[in-house]
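Participant: Protein chains in written order, with the working numbering: chain H, -16 to 104; chain Y, -16 to 104; chain G, -16 to 104; chain F, -16 to 104; chain P, -16 to 104; chain A, -16 to 104; chain S, -16 to 104; chain U, -16 to 104; chain W, -16 to 104; chain Z, -16 to 104.
Hints in this document: simulated from the structure, not taken from any laboratory.
Straight-line distance between alpha carbons at most 16 Å, and here's what the computed EDC-like set of lysine to aspartate or glutamate pairs gives: (1) G/42 x Y/59; (2) P/100 x U/3; (3) Z/91 x S/40; (4) F/100 x P/3; (5) A/100 x W/3; (6) U/42 x U/9; (7) Z/100 x S/3; (8) S/100 x F/3; (9) A/91 x W/40; (10) F/91 x P/40.
10 protein chains.
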Amino acid sequence: MPSQPSKALEVVPNPHPERDYEVSLEIPEFTCLCPRTGQPDFATIRVRYVPDRLLLELKAIKLYIWSYRNEGAFHEDVTNRILDDFVAAAAPRFIEVVGDFTVRGGIKTVVRATHGKRPEI
Amino acid sequence: MPSQPSKALEVVPNPHPERDYEVSLEIPEFTCLCPRTGQPDFATIRVRYVPDRLLLELKAIKLYIWSYRNEGAFHEDVTNRILDDFVAAAAPRFIEVVGDFTVRGGIKTVVRATHGKRPEI
Amino acid sequence: MPSQPSKALEVVPNPHPERDYEVSLEIPEFTCLCPRTGQPDFATIRVRYVPDRLLLELKAIKLYIWSYRNEGAFHEDVTNRILDDFVAAAAPRFIEVVGDFTVRGGIKTVVRATHGKRPEI
Amino acid sequence: MPSQPSKALEVVPNPHPERDYEVSLEIPEFTCLCPRTGQPDFATIRVRYVPDRLLLELKAIKLYIWSYRNEGAFHEDVTNRILDDFVAAAAPRFIEVVGDFTVRGGIKTVVRATHGKRPEI
Amino acid sequence: MPSQPSKALEVVPNPHPERDYEVSLEIPEFTCLCPRTGQPDFATIRVRYVPDRLLLELKAIKLYIWSYRNEGAFHEDVTNRILDDFVAAAAPRFIEVVGDFTVRGGIKTVVRATHGKRPEI
Amino acid sequence: MPSQPSKALEVVPNPHPERDYEVSLEIPEFTCLCPRTGQPDFATIRVRYVPDRLLLELKAIKLYIWSYRNEGAFHEDVTNRILDDFVAAAAPRFIEVVGDFTVRGGIKTVVRATHGKRPEI
Amino acid sequence: MPSQPSKALEVVPNPHPERDYEVSLEIPEFTCLCPRTGQPDFATIRVRYVPDRLLLELKAIKLYIWSYRNEGAFHEDVTNRILDDFVAAAAPRFIEVVGDFTVRGGIKTVVRATHGKRPEI
Amino acid sequence: MPSQPSKALEVVPNPHPERDYEVSLEIPEFTCLCPRTGQPDFATIRVRYVPDRLLLELKAIKLYIWSYRNEGAFHEDVTNRILDDFVAAAAPRFIEVVGDFTVRGGIKTVVRATHGKRPEI
Amino acid sequence: MPSQPSKALEVVPNPHPERDYEVSLEIPEFTCLCPRTGQPDFATIRVRYVPDRLLLELKAIKLYIWSYRNEGAFHEDVTNRILDDFVAAAAPRFIEVVGDFTVRGGIKTVVRATHGKRPEI
Amino acid sequence: MPSQPSKALEVVPNPHPERDYEVSLEIPEFTCLCPRTGQPDFATIRVRYVPDRLLLELKAIKLYIWSYRNEGAFHEDVTNRILDDFVAAAAPRFIEVVGDFTVRGGIKTVVRATHGKRPEI
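Whenever a hint applies, use it, and build me the whole structure from the sequences.
Facilitator: Here it is as structure tokens:
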């Protein structure tokens, strides 16, 4: 098995910091393990943010998301941790992270967390 | 026939009480009996809540929902009772419960009730 | 031909008057006659209301809707009349009635009327 | 209440009898009464036919369909009767009639009947 | 809890036995219990048949389907048992029964069984 | 070729002027000619208005829309002209006209204009 | 009003006559006039053909379709006439023409005609 | 990281071997690693089979599918291997396996393989 | 290869400057090259603006969009540059530009930027 | 501008030549130039083939498709050329290529060509 990819996020300078604008990312290939049963969970992660001076780099996001593949993670917790990590890396003016998980026990769960005040754009 | 499952809800500590965030649950497998005719009714129950110090535990929700299987329940009443029980168990900052029932007599009914003030997140 | 069903609406006590909550009804089987041409018109009627002390009873609504089957009724008028009748019967805190009619002369018409102030729930 | 429209179907000459071709009609505004309960039923009627020397005239079809409005009719029977009447009126090379009824008692019914051999076109 | 409804199916004479035609029924409100875990399962049952001398009566089908509510039943078995019971009751020229079950363990199951030779209509 | 239908709009008294309510019309069969190339353009026109003392009459709207068939008209201009003509004819409390045009040069255009203040209903 | 565009179809050599292959065209912007009422009708025309030595040229098809704009034409007839004209122009190995007309009098009509034997490709 | 789940499939006796019938399974949570890049791939696996004397057991299928999580596997190969393993375990009369993979390099791949002759049911 | 089309935008006078109204454009055929890898990227560009004294001319927009075909451009940057160019050309009262890019590395990106204050219309 | 990518296709050995099975590829990012006007055209290319001893390699397909970016190509011709090139490279038992082009002049074109006899799998 390949070694686990890194959780390090990379950033690049925002070419248009003079303006509030919104970047939305949809990542349908998130998978982790249920901490209680060890069984795999699947989710689509959706991110919407207004950059300040930094943009999140796509390839590093891909590796970051991939790094959860063999980690245990509860739905509510992992969505908040992704939010925290993205805030720490890029300090956006506003960011929303949604974890949209597949059905377990006949129940579908979606977790949504935000940081900062959503600007009117 | 198996004995009726319990209406007891379980809760776990919210790992991120420092932040308002939203958990949405969709439970398409609710069924109860019409108190007037004794015939089965079917619904999808949708819950959206902002936890305070407690999270609702998924497996207990499943058993709770299942507990209505052989009980009589009116559409408007059962939606409000689910809301009351979830509030009593987890004391969320905000919660919305929607009961989306299948067609009866050519009419489709949806009941929506909330508790607390919906935060801007 | 069977005799025309009654326009009398029935109500039952609201089991949860302590709370603003919303009941939505979708009735896709409305039909009446065009007063000008005598030809049948078809519509879906959608009702959304916040009950005060009374709930509208489903079976009576079905007969009420059925009572228009052989009556002449203009789109704009009949939607407002349904609204008036539902207000008179149940005195809801808020109510919206939508008449969504099928295409006539290549034009689709939807009429929407409300009574009371829509509460934030 | 207006008098019941006629069940007489009109036909016009087929301008292209030299060729097998197919005419499909979708009529979403069929309604009749349940012979057992007297309550209204609703259906979409779909017709697909290969004309021989005659075409079914649209306006007469509309009145024909309208003529069932205050008649009692079972799902299986009425679909076959429409087929019989269209065959008697236009003697098509092939015809299929589908009655697609709305939900009753939680069950949706579709009836499909044909006359003649479906040509390969 | 009300007593279990009957598995007896009723039939009525086919008003058009002179012709092969098809009746399709969709019953989205089937529920039974998993024989292994006792937990509820949910399915849509779809039936398509060509009647011979008898039609299946809708209200009895509804009660028949409802009778599984508190019975244990495996997906593959129950679909075949419904097929057997419908054949025994109405002896159709052809019949297909589909059991379309909701997701369990991340897997969706559909079972399809037929009796007799599907006629070309 | 038949003579061009009239642009005269007809109005009828609003039977419920005591209340703000909304009438929505969708007219998918608008066509005109491009003033630059002479080629046909196609659009769906959507109208949403709150009547004051007058309602727009459907049959006259149909002829009005038809009257553009052989006229040259730019997308932005014709949407505003329809709005002006409807305002002149019925003096509604509020009105919105949307011109939703088909693709030209790989680009889809939608024009939306309003008159009056949209009431909260 | 601009002069009527030509009904002349243009063809170009088929670059791959050594092989049976299929070209499908969808033309959603057909309009003509009803010969009885003079009112406009609208349709999508769908063509599917297997070329022999000639291909139909797109720009000429566009003008050909446009040429019906101010002509009277019955649904069944015009679909067959388009088929005849395309056969005369390009002599394809197989061709199917579908006229998919918008609702008139609550009825939607689709006409489908073919020429030649549909090859297995 | 939890130990890899087993590739052993379990079977149970077919309760209706007297009849050809079809079982369809949809498993949207397949993931493996690309043997060339080590990066995760995602697919939905669809299985359709006609059992002979044995049925495939659902829980074991879930673990089997899970066992690929940290294995390298090419799209075309893994679909065929799943087919081979299911044939070896249950010897069905007919079986089809479809691997429906997510986009890689802007290209979506679907692989479909069968074993045995598809019966007419 | 043809020479690169011009980035020059053309404008025409707004025929209705007396009113705030909205023009929406959807351009699904944008393609450029990734500055890092040289590989092609694809996007739909959506523009929504409230014109002041000038309208953007459609044919010039088409050439402008086409001009990016062989240029390197990052998602976030190019969306903002299109916004800047449209503002410079037409000085609208309000404008929003959305770049909706296809999946790269399993991640879908959408960038949205605005200029001016969105009027209430 | 980067140099044009290569049209050379790569192949790898088929790991399961003992069996007829089907590989489907969907490539939504094809673009070329119209030979008459020099303007860009866009298409989705769909390939479905039954490999013999060779599989088409995905990364080379991507570069092959990319190589048309600045070439002139007619719809009917380019679809057949892609088919010819894929046959020459991998000699599949059966292959179908579909070119699904975006609207030009209000007309949508789809071209479909096959090589070999489609096996029953």
